[in-house]
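> Please put together the full structure from these sequences, using the hints given.
Position 19 (the sequence shown) corresponds to 19 in my numbering; numbering is contiguous.
Treat the hints with care, since some could be wrong.
[Unchecked claim] Have a look at the derived ranges for each label pair, beta carbon to beta carbon: (1) A80 x P105: 16 to 24 Å; (2) E87 x N8: 27 to 35 Å; (3) I114 x S23: 38 to 46 Å; (4) T86 x T28: 27 to 35 Å; (5) G10 x D113: 42 to 50 Å; (6) V78 x Q140: 26 to 34 Å; (7) T76 x E20: 35 to 43 Å; (8) T85 x P45: 42 to 50 Å; (9) I114 x S69: 13 to 21 Å; (10) D120 x A142: 41 to 49 Å; (11) A42 x S74: 21 to 29 Å.
Rather than coming from a laboratory, the hints here were simulated on the basis of the structure.
For every residue, glycine included, the Cβ atom is placed at its ideal position computed from N, Cα and C.
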Amino acid sequence: MDYDEPLNSGYGTALVNAMERMSESDRTLAFSSRKQLADFLAHEPSPLQRGRWDRAQGYVTEESRYLVSDIVSSFTDVLAQAGATTEAVYVYGGGAGPIKELLHPALLAAAGDIPVLYLDSRYSRHLNREGLYLMASALQRAATKKSSPRKNDPVAA
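What follows is the structure, given as structure tokens:
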């Protein structure tokens with residue numbers, strides 16, 4: 001079963017909020033877009049950029065803590081809806097990668113003895129696309145079997 005509870009914000013919102021705070025308090029941390037900020041933080045900085053990188057990361061980490069709190073709150077609501085039927089939780093895609101160090105331990109604590117599997121974001125597009133394809137194929141096969149029963153199939157007759 002798939003339970004979800006959409007959030008009104010995500011990692012992009014955390015980046016935008018961090019950019020707003022940076023523009024107000026540290027003029028040396030000027031980014032033209034959240035993508036530019038995310039790209040800046042995604043790579044190990046040079047020794048000359050280390051100070052700016054650390055300060056920018058600090059702003060983003062602080063904003064990400066709010067996001068993680070919202071995610072964990074929604075997660076516990078979803079677990080309550082699913083009841084004891086939850087066997088495993090998968091986390092992948094979106095902004096899950098950049099906040100893994102904060103999010104994964106928080107989800108593990110909230111999940112108790114339910115495994116929380118954190119998948120590398122490189123696989124999320126493939127998983128989503130492949131999952132949709134597999135589901136569509138299964139539905140098509142099921143629809144075909146219902147509409148054209150085989151001659152010697154006692155179950156279909």
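> Now, for every hint given, state plainly whether the structure supports it.
To see whether the hints hold, each was checked on the structure:
1. A80 x P105: 16 to 24 Å: holds, 21 Å
2. E87 x N8: 27 to 35 Å: holds, 29 Å
3. I114 x S23: 38 to 46 Å: holds, 41 Å
4. T86 x T28: 27 to 35 Å: At roughly 46 Å between Cβ atoms, T28 and T86 fall outside 27 to 35 Å, so the hint is violated.
5. G10 x D113: 42 to 50 Å: Hint violated: Cβ distance 28 Å, outside 42 to 50 Å.
6. V78 x Q140: 26 to 34 Å: Check passed, 30 Å falls within 26 to 34 Å.
7. T76 x E20: 35 to 43 Å: violated, 29 Å
8. T85 x P45: 42 to 50 Å: holds, 45 Å
9. I114 x S69: 13 to 21 Å: Given about 19 Å between the Cβ atoms, the range holds.
10. D120 x A142: 41 to 49 Å: The hint (41 to 49 Å, Cβ to Cβ) is violated, given that D120 and A142 are roughly 32 Å apart.
11. A42 x S74: 21 to 29 Å: Distance hint for A42, S74 holds at roughly 26 Å.
Comparing the model with each earlier hint shows violations of hints 4, 5, 7, 10; every other hint is respected.
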